Amino acid sequence: MDYSRHLGVDGTEHTLTVDARTTLLDALRDRLGVMSPKKGCDHGQCGACTVLIDGRRQNSCLALALSHDGAQVTTSNGLAENDELSDLHRSFLDHDAFQCGYCTPGQVCSAAGMLAEADRGAPSAVTEDLEAPVDLSSAEVRERMSGNLCRCGAYVNIVSAVREVAAQRTGKRAGQRSAARDDSARDPMTARAGDEESR
Amino acid sequence: MRPFDYQRAADTDDALIALADRPDAVYLAGGTNLVDHLKLGIIAPNLVVDISRLDLEQVSELDDHGLRIGAMVRNSDLAAHPLVRANYPMLSRALLSGASGQLRNAATTGGNLLQRTRCVYFQDASTPCNKREPGTGCSALEGFTRNHAILGASSSCIATHPSDMAVAMAALDAEVIVLTENGERRIPVVDLHRLPGEEPNRDTVLNHGDLIVAVELPAPGRGRSTYRKIRDRASYAFALVSVAARLDLDEAGRIREAAIALGGVAHKPWRATRAEEVLQGAEPNRESFTRAAEAELESAQPLPGNAFKVPMARGAIISVLTELAGRSGSSEGADDDG
Ligand SMILES: Cc1cc2nc3c(=O)[nH]c(=O)nc-3n(C[C@H](O)[C@H](O)[C@H](O)COP(=O)(O)OP(=O)(O)OC[C@H]3O[C@@H](n4cnc5c(N)ncnc54)[C@H](O)[C@@H]3O)c2cc1C
Ligand code: FES
Ligand code: FES
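Here the protein sequences line up with chains A and B, keeping their order.
Taking the numbering used here, the leading residue of the first sequence gets 1, the next gets one more, and so forth.
Taking the numbering used here, the leading residue of the second sequence gets 1, the next gets one more, and so forth.
Just chain B, with the same shape it has in the complex (with noise of 0.2 Å):
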């Protein structure tokens, strides 16, 4: 590890006047995937400025029903907000699949938008990549692909964004606050993370020293919403694919609004609009949970050795919307997930 200035930020402005001008300054939150990453050597800054403290734990209800999450608000108590498991399940579900139970209680909201992916070329410094040294190549393409992207995905990387939180968190619309030299601006979830085009170095919209100091969630939406993680081992393991679903139902039956996400498909955490669009007015059955996924699959480019998540999001989506439809028949009201 190169050597570095350590400093921790006051308030919200010492952080982002530390980081101006400092194109060598970079943020801790938590650390667990900074501190990761310093050890690589993936990255070499000359200054750390540590957010963990500022004062951004706060989770509150806003005025319209929706959710204030502060930046610094950890998984864990995320998870565990009697709010957040009330009224947005798949939220907490969601956190609770990921990572551990010691990793989830030092993570924090904004660091787990922003961490990098898990790609095994990305992390290791001594093979090219695009996204960590642009202009090298992407090894990953000829390489191990089966964590890699089948959307979205560019000549120059096929990396796949690895946070589950931030699957749920583009299904429910949550919107980022970030702090910027100009004043506060507001992102869509769903817009936050980029596609890697022919700059796979830059993961996000967002430019250097911006802070994002909260989470806001929309008031709950009606019917009944989940998450669903396939891994490769049933605990402690990224998402192969994910899925973040929300179903609601008129009193005809028929599907009035479906909301879905996908983890573990993309360089962003992929808000599935097609499908969403086939399964508007439709009725809540296989054939159209089937139109929908194979709708929103259709543009899916897998290489030999990810090929197998084009038919594994298929039947998780399926198998989501099923079995959301099928709960939601019995009981109208709360969110519930099981």
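Extracted from the complex, chain A is given alone in its bound form (with noise of 0.2 Å):
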């Protein structure tokens, strides 16, 4: 039977009409024409197909399209801003963090929504305590990216773009908290030089 729903993806809202049986993946690409997220296996073993409903990573071929009705979804399309590249996307090019680059628009979302989830203080199968500030460390990183598989085999690279962008926004938050902190006397050179050391 069919359905009419509606769902925000990359900023623009659409109203659908879907058979109950189309999944979240196959309504943005067979549907909608977005094309970012991609079709890896179809059951969840892969990550390609991930995106972020309402700001959160997920497998979208596993979830059926009427269960997100009014949910907004960004893909790796919509991390762009203003057809900028977003630093995700920009370090996975600095880092040359793929090769056929299929796996990728999943990689960065899971990314982000990764970098989300560490900022809020949630631990991994990898922390050894689960009540610390977290640590991007590469161990943390490759645990939590676990659900993302490269056929091409780019993960060294991954991580340390990951890495790179955690490491940039750790700096930023700081250089920002120091700024309001004493927001009369600060050398601009310096904040620059605090960025380039989290490389």
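It should be emphasised that the hints constitute simulated quantities derived from the structure, not laboratory data.
As the structure is a computational prediction, the values presented were derived from the model and not from experiment.
Treat the hints with caution; some may be incorrect.
According to the in silico footprint, chain A covers these stretches of chain B (three or more CB under 8 Å from chain A) [claimed, not checked]:
1) 33-39
2) 47-60
3) 309-316
For every residue, glycine included, the Cβ atom is placed at its ideal position computed from N, Cα and C.
Using the hints, put the two standalone chains together into the complex.
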């Protein structure tokens, strides 16, 4: 049976009529022409279809479109602002974090969701102290990104790309905090040096 | 996938009514197991009743300092909840060892408990399987058994229950709160899942239409606890063997109480009561840990393809208990693992 539902995708609102069997992935790709999320396994095993649903990373291949009526979906495309690549996209380019690129939109969405989780202090299976603030070591990034497979084996560079963004964002926040603490006399050069160091 | 109708349940009563007298209807929560099964063609309902937005998303402290976990609490949120991290680290660890970050964001507490076996024959609609189609036979018995049961299996079915979370909940003496046609029912997690016997098609003691609304944990037990999972790769894989354990020592340094549950070895989360009995009052040393592990595994009936699980489970039990005993010596108090 067909049902009419709303979906926000990368900032655009859509009303669409779908058969109950339609997954979110198929709705995005086949119905709305949003080709950024990819179909790898179609069974939750590879992460190529990862999107952010209301800000949380999920596998769109195991989500029924109807179940997410009214949700805001962000794909890798939507992470770019005004056609400007996001820091994550840029970092994947800088670090050669892909070969064929098929897994990349899923990797990027997963990384975006993962960084937000770490920011909220969510632990992972390799976190020693469950209650301590998260330090995104490479072991942590590998574990947290393990839901995304890459047949080209770009893993090492994916980990560096994600870690660099994590460090940049932390550096920026630390910079903003110290700027707020001392907004009278601040040397812009020091701030930049700090950012460089975290690379 | 066969066509089906879709309906969103407005509240728990609405959900119960939707499934009453409809053997061809199923509940949908996070969908990470159900949607997979729809695609694989191993279920073909005529109606899918979406319960994912029911107001069952709270984790709240109970008067007796236990914890009530709503059935729709997502696995990721439960693992990261401050009270779970602080008081039930074994549960956080078990959840975090399961699936992937994106799957845990969708998977719910109720759905995790009721996820079905990952037996490859169960998941392949073209092969005989007593769990999927009663009376057709068990393909695993003469097939690939690496992920199959060594305890409590039957000649009808040697499938294992795949959940990590449920193993921790079994060790924690958790109870499942279920709404049925006849009102509310409380079921200890250890009694929720069945052994296969002659009816492997029935995973649990629940009846069609029963709705899990919450899981309740008793106040945290004394001592230290942890969860260890052994698998074919370091992450994003189901357990070959897992151990959830809590060890509490008395002033004299003897074992006051041990709670142990095993995953990956049986049709249900396996509470290791024989090992617990051996440990009660014993000295916490390698000798007693070995005796405990061996007492539990005495009844193991492995097949050639999964005989490795017996020494693996033995080693895992001994190693986890040794770790917990080592750390218990140094400091008393809050549950902690590391
Ligand atoms: C690639 C992959 C790897 C995985 N790895 C692991 C792992 O390592 N460890 C692990 O433990 N799990 C693992 N999982 C399984 C995952 O944890 C489960 O799929 C998930 O927990 C199911 O929850 P859900 O909310 O998505 O359930 P759904 O798929 O929505 O439902 C599952 C079943 O439960 C029923 N149901 C759901 N909620 C209720 C309720 N409240 N009352 C009554 N019935 C209900 C549904 O009708 C259905 O039969 C993995 C899954 C995948 C796809
Ligand atoms: S396509 Fe969704 S996880 Fe592989
Ligand atoms: S870059 Fe080819 S699959 Fe990852």
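Now the hints, each set against the structure:
| no. | hint | verdict |
| --- | --- | --- |
| 1 | 33-39 | holds (count 4) |
| 2 | 47-60 | holds (count 3) |
| 3 | 309-316 | violated (count 0) |
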